[in-house]
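S.K.: With the hints as extra help, turn the sequences into a complete structure.
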Amino acid sequence: MSSRAIRIALSTLFALAGLWLGVGGLWLVTLGGSYSYLAQGLALIAVAALIMARNPLAFWVYAALLLLTIVWALVEVGLDWWQLAPRGDLVFLFGLILMLPWLARSVRTRPHGSFLRSGRAALAASLAVSVAIALLAVFTPSHDLAGTLPERSATDRDALGPAAGKDWTAYGGSQAGQHYSTLDQITAQNVGKLKVAWTFHTGDVRGKKDPTETTYEVTPLKIGDSVYFCTPHDLVFALNAETGEQKWRYDPKVAEPPYQSTQHLTCRGLSYSDGTAPDATATATAPANATASADCVKRLFLPTVDGRLIALSAKTGKVCPGFGGPDGFVNLWQNMPNVKTGSYYSTSPPIIAKSLIIVGGAVNDNVSTAEPSGVIRAFDVNSGKLIWNWDSRKPTDTAPIAADQTYSANSPNSWSISSYDPALGLIFIPMGNQPPDQFGGNRDKNVEAYSSSVVALNAETGAVDWVFQSTHHDLWDMDVPAQPALLDLTIAGSTVPALVETTKQGELFVLDRRTGKPLLPVREVPAPKGAVAGDVTAPTQPVSTLSFNPTPLTEASMWGLSPFDQLACRIAFRSMRYEGRYTPPSLKGSIVYPGNFGTFNWGGVAIDPERQVVFAMPVYLAFTSTLKARTDATSRIVSKPDEAPFNENFGAPYAAKMGAFLSPIGLPCQAPPWGYVAGADLTTGKTYYRHVNGTVRDLSPIPLPFKMGVPGIGGPMITRGGVAFLSGTLDYFARAYDVTSGKKLWESRLPAGGQATPMTYWSEKSGRQFVVVVAGGHGSTGTEAGDSIIAYALPKS
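Counted the way our numbering counts, the sequence shown spans residues 1 to 797.
Take these hints with a grain of salt, some might be off.
Cβ pair distances, simulated, as ranges [stated by the list, open to error]:
1. Lys209 - Arg4: 30 to 40 Å
2. Pro422 - Pro705: 38 to 48 Å
3. Leu136 - Leu26: 26 to 36 Å
4. Ser575 - Lys195: 47 to 57 Å
In silico EDC-like links for lysine to aspartate or glutamate, alpha-carbon gap of 20 Å or less [claimed, not checked]:
5. Lys529 - Glu448
6. Lys707 - Asp89
7. Lys247 - Glu764
8. Lys318 - Asp225
9. Lys796 - Glu242
10. Lys354 - Asp465
11. Lys247 - Asp295
12. Lys318 - Asp295
13. Lys166 - Glu610
14. Lys315 - Asp295
15. Lys744 - Asp184
16. Lys765 - Asp404
17. Lys628 - Glu610
18. Lys517 - Asp465
19. Lys657 - Glu213
20. Lys340 - Asp404
21. Lys707 - Asp80
22. Lys340 - Asp306
Hints in this document: simulated from the structure, not taken from any laboratory. We treat Cβ as the ideally placed atom computed from N, Cα and C, and that holds for glycine.
M.R.: Encoded structure:
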């Protein structure tokens with residue numbers, strides 16, 4: 001290639017890059033943003049012109065550009081490698097190109113030879129400074145918080161309340177929802193020796209016609225010598241706990257819903273009744289024979305996507321006749337308003353409270369204002385007879401509804417998992433919001449009181465005992481997503497029955513579960529104003545002493561792989577409304593951070609009731625929320641006719657366009673890390689450590705194991721052995737962490753996304769502790785689909 005061709009090619013490259021940055025930078029300046037991109041663009045255009053003119057001043061100008069870029073980047077983000085890199089990668093690369101000898105030969109050397117040599121030396125020095133700062137940033141931890149949790153232990157372990165031990169009898173280990181096991185064979189010292197003990201494939205994989213959110217979110221149960229779990233299409237399996245061999249399989253043959261109206265296909269778990277409750281051996285109708293009755297003393301309960309609650313024999317997998325009728329199921333559509341196939345179902349396991357089974361349900365978010373009810377119902381665990389119903393729009397009318405009546409339409413629902421305290425006789429219910437999530441102008445006083453809250457109900461009657469609201473007048477889909485965790489805390493020398501509620505905003509509210517009053521201080525802080533016409537905002541919002549609320553976004557925290565996509569994110573940031581957390585949705589578009597994906601979601605956190613500490617995996621992803629004025633109640637505004645009508649909000653004044661806040665190339669606009677592990681003390685609210693969690697190996701076109709801290713969904717599980725297990729990150733690994741320090745101890749590659757919460761149990765046959773991880777993928781996160789149930793254990797001695 002001739003010298004002229006080289007100059008033309010390079011000057012064109014520099015000019016195009018400069019034009020892009022210059023025009024975009026000018027746009028950013030007009031929005032009140034940084035001048036840096038405009039300056040970079042002008043400098044690149046100037047260098048392009050100097051190269052074309054064969055003027056050695058190009059090297060001096062570029063050396064100055066590189067140094068000023070370094071200074072600007074350090075001022076904005078310090079020695080944060082992942083934020084420094086995109087600010088300087090292009091400028092550094094272009095500098096290397098300028099240093100190539102054939103370019104120097106194409107520049108005039110007479111009478112400017114010394115000027116050329118000194119300019120190249122200045123550029124070389126600038127490049128060397130860039131490398132030195134980059135190396136310093138690589139080895140400077142800028143996000144981790146190092147520390148160790150207190151080593152306290154309970155003096156009376158029997159007073160701690162229910163916790164999982166040899167068995168795992170409920171979704172959270174027990175109905176206290178701690179995600180904690182008293183097993184201690186696996187420790188921080190030997191966890192590195194864990195090996196796959198068995199793997200089971202269900203055969204239930206995400207299909208082409210399934211909804212996007214077809215997901216494996218199940219946490220299996222273990223009772224006796226059997227492991228039980230359900231799949232997204234509601235198949236139920238019983239496996240041998242030692243070998244993973246199938247004992248039985250049940251297919252409820254769910255009616256295929258119209259997928260354009262179904263948001264989720266998932267089953268988070270089963271519920272188990274051991275037959276010790278009053279009249280637990282009774283059935284509503286006489287069984288066919290005595291054997292059938294005996295087999296159904298111990299029961300599993302399966303909620304299905306077509307709105308049934310099915311009772312199964314834990315021994316045989318056969319339907320237990322008499323629960324709701326001879327077919328062994330309760331029809332959850334009974335007395336429902338607005339019956340539309342696929343718009344109501346229960347995705348989470350019900351709670352068992354003595355002789356009652358208490359079930360909530362999910363309604364479609366943001367489709368219309370005419371959805372089914374979010375009623376909570378208690379049925380007799382044996383007969384399926386309705387005992388009480390709690391409808392948040394009629395909170396005092398708990399007597400069983402008449403056959404010819406319907407529940408309140410479109411009331412706040414509970415799609416997640418509840419907890420139960422038999423000593424207090426209370427169930428604790430995490431509540432969602434009334435559709436639509438982003439507009440609350442038409443909500444009545446009861447909706448306002450019970451939305452996005454924890455509600456304590458009398459387990460026998462359904463009467464409200466207390467309510468604690470985590471978000472006032474929720475306009476952001478900040479449902480209370482996780483099962484409340486119950487434990488006893490030692491505060492000021494006294495033992496207090498406590499409840500820990502985890503929220504999408506990153507708050508951990510620590511409450512007295514007798515009264516709902518905070519045990520750790522809660523402040524009401526001013527919130528942004530300015531809702532759309534017809535709506536209002538709450539003047540304040542609650543913030544807990546124990547909070548994983550992220551640092552508010554700024555223009556400087558926008559990110560990208562290069563200056564180009566970072567500039568696009570900065571422009572987007574300046575173009576939308578953002579006034580910190582609780583910025584209300586708007587017609588121009590608002591940034592919601594944390595987004596409705598949640599700092600925490602249904603996986604929640606893990607609680608060690610002995611040490612009175614919490615192990616968490618907070619996630620940080622910004623979302624956007626843009627309202628679109630509706631011209632009528634039925635026209636599509638944000639979806640096409642062949643798409644699901646989600647976020648249309650038929651019947652409301654506005655549709656909503658929502659999604660993650662992403663760059664033009666599909667990466668988060670806010671800088672990493674996007675995921676951590678963290679440990680905190682529940683008695684003081686102090687966070688002792690926070691460490692980046694996960695790599696981008698499975699998120700980038702090239703499988704590079706960069707530890708950037710990735711999002712995750714699904715929660716952790718911890719043991720008395722001092723080990724925390726999780727698998728929910730968007731890279732495909734099961735991992736173990738030291739609960740005390742947060743140090744990673746072990747990891748194992750998974751064949752698919754592991755967006756579920758692990759569990760653990762003891763097998764008497766081999767005398768070993770097993771850890772079970774589900775790797776089936778998660779449709780809404782885009783992880784690889786699969787059907788694997790994987791059990792790990794230490795080698796047999």
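S.K.: Take the hints in turn and mark each one as holding or not.
M.R.: Quick rundown of the hints versus the structure:
1. Lys209 - Arg4: 30 to 40 Å: Roughly 59 Å apart at Cβ, these two residues miss the hinted range, so it is violated.
2. Pro422 - Pro705: 38 to 48 Å: Roughly 47 Å apart at Cβ, these two residues keep to the hinted range, so it holds.
3. Leu136 - Leu26: 26 to 36 Å: 33 Å, holds
4. Ser575 - Lys195: 47 to 57 Å: 52 Å, holds
5. Lys529 - Glu448: 18 Å, holds
6. Lys707 - Asp89: This hinted pair holds, its Cα atoms lying about 19 Å apart.
7. Lys247 - Glu764: Roughly 17 Å between the alpha carbons, so the hint for Lys247 and Glu764 holds.
8. Lys318 - Asp225: 18 Å, holds
9. Lys796 - Glu242: 12 Å, holds
10. Lys354 - Asp465: This hinted pair holds, its Cα atoms lying about 18 Å apart.
11. Lys247 - Asp295: This hinted pair holds, its Cα atoms lying about 15 Å apart.
12. Lys318 - Asp295: With Cα atoms ~9 Å apart, Lys318 and Asp295 stay inside 20 Å; holds.
13. Lys166 - Glu610: Answer holds: Lys166 to Glu610 is near 17 Å, not above 20 Å.
14. Lys315 - Asp295: The given pair, whose Cα atoms are some 6 Å apart, holds under the 20 Å limit.
15. Lys744 - Asp184: Satisfied, since the Cα-Cα distance of roughly 18 Å is no more than 20 Å.
16. Lys765 - Asp404: 54 Å, violated
17. Lys628 - Glu610: 50 Å, violated
18. Lys517 - Asp465: Roughly 12 Å between the alpha carbons, so the hint for Lys517 and Asp465 holds.
19. Lys657 - Glu213: 18 Å, holds
20. Lys340 - Asp404: 18 Å, holds
21. Lys707 - Asp80: 13 Å, holds
22. Lys340 - Asp306: The hint holds at about 11 Å.
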